[in-house]
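Reassemble the complex: the two chains are provided individually, in unrelated frames, and hints are given to aid placement.
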Amino acid sequence: MNFDMGTYAAYIWPAYGVSALALACVTIWTVVAWRRAKARLAALEKSQGPAAQKP
Amino acid sequence: MNFLFRYANPHHFMRLSGAVLPFTAIAALLCLGAGFYLGFSAPPDYQQGRTVLLMFIHVPAATMAMGVYGALAFCSLLSLVWRHPLSDTAARAAAPLGALFTALGLVTGSLWGKPMWGTYWVWDARLTSFLLLLFVYIGYMALWNAIEDEVRAARAAAILALVGAVNIPIIKFSVEWWNTLHQGESIVSGKLAPVFLAPLLLMMAGYAFLFVSLWMIRIRTAILERRARNLMQAGAR
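The listed protein sequences correspond, in order, to chains A and B. As numbered in the numbering used here, residues 1 to 55 make up the first sequence, in order. As numbered in the numbering used here, residues 1 to 237 make up the second sequence, in order.
To be clear, the hints were calculated from the coordinates, so they are not data collected in a lab. Here the structure is a predicted model, which is why all the values come from computation and not from measurement. Treat the hints with caution; some may be incorrect.
[As the list claims (entries may be wrong)] With a Cα cut of at most 20 Å, we get these calculated DMTMM-like pairs of lysine to aspartate or glutamate:
no., chain 1, residue 1, chain 2, residue 2
1, B, Lys-191, B, Glu-176
2, B, Lys-191, B, Asp-45
3, A, Lys-38, B, Glu-225
4, B, Lys-172, B, Asp-124
5, A, Lys-46, B, Glu-225
6, B, Lys-114, B, Glu-225
[To be verified] Negatives, chain B to chain A, calculated, CB over 12 Å:
no., residue
7, Trp-82
8, Val-122
9, Arg-155
10, Phe-173
[Claimed, not checked] Derived Cβ-Cβ restraints for the label pairs, each shown as a range:
no., chain 1, residue 1, chain 2, residue 2, range
11, B, Ser-186, A, Asn-2, 15 to 25 Å
12, A, Arg-36, B, Ala-142, 19 to 29 Å
13, A, Asn-2, B, Leu-30, 16 to 26 Å
14, B, Val-188, A, Val-32, 31 to 41 Å
Think of the CB as a built atom: it goes at the ideal place given N, C-alpha and C, for glycine as much as any other residue.
Bound-form chain B, shown alone (with noise of 0.2 Å):
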C-alpha cells in the first residue's frame, strides 16, 4: 500500500510517469504492429473463415473494457476509504478510455455476430451485462459533470463505480451460469491454436500498453490544469 500512497503524491507521479511513458507508447506501437501482422498472416479457422481476423480486435476491446472498469473500481475504492489524493483524477481519467473500449467491444462483436450468428445483436447474458456497461460509463461520466461542487462529485462518482463493479464478474461468468449464444472462454483454457493465440496476445498487450499510456497522459493532463486553476485563485485573490 505505501509505495501507492507515494507516487499519489502528484510531483512523484509527472516524474515516474513521464520516465516510463515513452516505454509504454513504444511498446504499444510495436505489440499492436506485431499482432496485426501475425494476425492478418494467420490462416482461416476452419469454421469462422476469415472472420477469425475480428477475434483480435473485439476480445482486447471487451478484456479492456472491464480491465479498465476494474482499474476505475479500485481508484474509487481508494478514494473513498483511504482518501487517497490522486484516485479521483486517475478514476475520473480512466472513464471515456474504457466507455471507448466498451464501445468498440459492441461494435466489433456485432460485426462478427452477423457472418457467424445470423444476427448482429440478440438479448443473452453476456451482450446484455455489457451493454450495462456502457451504460455505466456514461452515468458515471455523466455524474461527475452534474455535480459542480469536486468533492461532493468524486464521492458521488466513486460510489457508483463500486456499485457498478458489481457488474463485471457477472460479465466474466455470464458464459458459465447462463446458456449464452456468446461462446466461452478459450484463452486461459488452452482451447486457442497457437497460430491464433499469439497475435491475440500480442493485440491484447498492445491495447493494454496504449491504455497505460493515454491513462497516464490524461491524469498528467488533469494535475496540470488543477495547477493552473489553483494559480487562477491565487492571482484573483
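The following block holds chain A by itself, in its conformation from the complex (with noise of 0.2 Å):
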C-alpha cells in the first residue's frame, strides 16, 4: 500500500476522512438507537406484564 499522495494530498484525505467519519457515526447512531429501543420495549413488557406483550 501507498499512502504517498504527492501534490493531491489535501483532496484525498480529506474526502476520506469526511467518507469515513460520516459512515462510522451512522453506524453508531443507527446501532444506539437500535439498543435504545430494545432496552424501552423490555422494560415496558416487564411493568406491564406477559398479558400485554402481544403487540
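Below, the structure is given as C-alpha cells:
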C-alpha cells in the first residue's frame, strides 16, 4: 500500500476522512437507536406484565 | 410478489433480518477492507495520478445514493398500490441513509473536481440533478415529520417519493443526454482497467452491504418502537 498522495493530499485525505467519519457515525447512531428501542420495549413489557406482550 | 408479503409481516421480518444481519455486516467489513487495501495499492492513473483514489469512495456513494432512492421509491409504490404493511417503515428508514450517501457523493466529487477540473462545482446536468436528489431526500424526510397522522404522512411521503423518482433516470443518463463536464459511465462499458475495477467493485459491494445492514437495523428499530407505542396505548386504556 502506498499512502504518499503527493500534491493531491489536500483533496484525497479530507474526502476519505469525511466518508469514514460519516459512515462510522451513522453506524454508531443506528446501533445506539436499536439498543435504546430494545431496552425501552423490554422495560415496558416487564412493567405491564406478560399479558400485554402481544403487540 | 408472494414472498414479499410473507416477509412484510413484522414477525417474519424480525426473524429473517436477525438471521441475515451478521452476514451482511461481516461482508460489508470484508469488502470495505479489501477494497481499501487494493485501492491504496493500485498504481497512479496516467491522467488523474493518485486522485483516482477518490473514485473508490465517490462512485460507491453516488451509486448508493441512487440505488437507495430506487429502493425507497419501490417501497413507496408497494405502500400506495398494495398497502403493504411494512413498506412505509422500510421507505422511511432508508431515507436518511440515502441522503447521507448523496451528501458524500457531492463532497467527494467536489474534492476530485477541484484538482482535476479546476473547480469544486459546475452547474452541469449531472451535478445539478444530483444536488436535486439531496433536496428530494430532505423534502421526503421533512414531509414525514411535518404530518402528525402517520397514515396520511405515509401516503403523502410515498407520493412525493414516486414523483421524485423521475429524477433518477435523469441523473443516470444526464451524461449521455447533455454535454456535461462530468465524465460518462465506464464500469459497464468496460473502459476501466482491472487494477482500478477490482477495488471499485469491492468498495461498491462494501457500501451496498453496509447500507443493507443499517437499513435492516433501522427497520427493526422502527418495529420495536411501534410495539412500544402500542403497549403504552394499551396500558393507558
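Comparing the hints with the structure gives:
Distance restraint check for B/Lys-191 and B/Glu-176: the Cα-Cα separation of roughly 16 Å lies within the 20 Å cut-off, and the hinted pair is therefore satisfied. The suggested pairing of B/Lys-191 with B/Asp-45 holds, with an alpha-carbon distance near 13 Å, which does not exceed 20 Å. At roughly 8 Å between alpha-carbon atoms, A/Lys-38 and B/Glu-225 fall within 20 Å of each other, so this suggested pair holds. A hinted pair counts as satisfied when its Cα atoms are at most 20 Å apart, and B/Lys-172 with B/Asp-124 qualifies at roughly 13 Å.
Pair hint A/Lys-46 plus B/Glu-225 holds up; C-alpha atoms about 15 Å apart against a cutoff of 20 Å. As the CA atoms of B/Lys-114 and B/Glu-225 are separated by approximately 44 Å, the hinted pair breaks the 20 Å bound. Residue placement check: B/Trp-82 keeps its beta carbon more than 12 Å from all beta carbons of chain A (closest about 22 Å). The claim that B/Val-122 lies off the interface holds: its Cβ sits roughly 16 Å from the closest Cβ of chain A, which is beyond the 12 Å cut-off.
For B/Arg-155, the requirement that its beta carbon stay farther than 12 Å from each beta carbon of chain A is met, with the minimum near 23 Å. The claim that B/Phe-173 is not at the interface with chain A holds, since no C-beta of that chain comes within 12 Å of its own (minimum 26 Å). Taking the beta carbon of each, B/Ser-186 and A/Asn-2 are about 23 Å apart, inside 15 to 25 Å as hinted. Evaluation of the 19 to 29 Å hint for A/Arg-36 and B/Ala-142 yields a pass: the beta carbon distance comes to about 24 Å.
About 22 Å separates the C-beta atoms of A/Asn-2 and B/Leu-30, a value consistent with the hinted range of 16 to 26 Å. Checking the proposed 31 to 41 Å range against B/Val-188 and A/Val-32 shows it holds: the Cβ atoms sit about 38 Å from each other.
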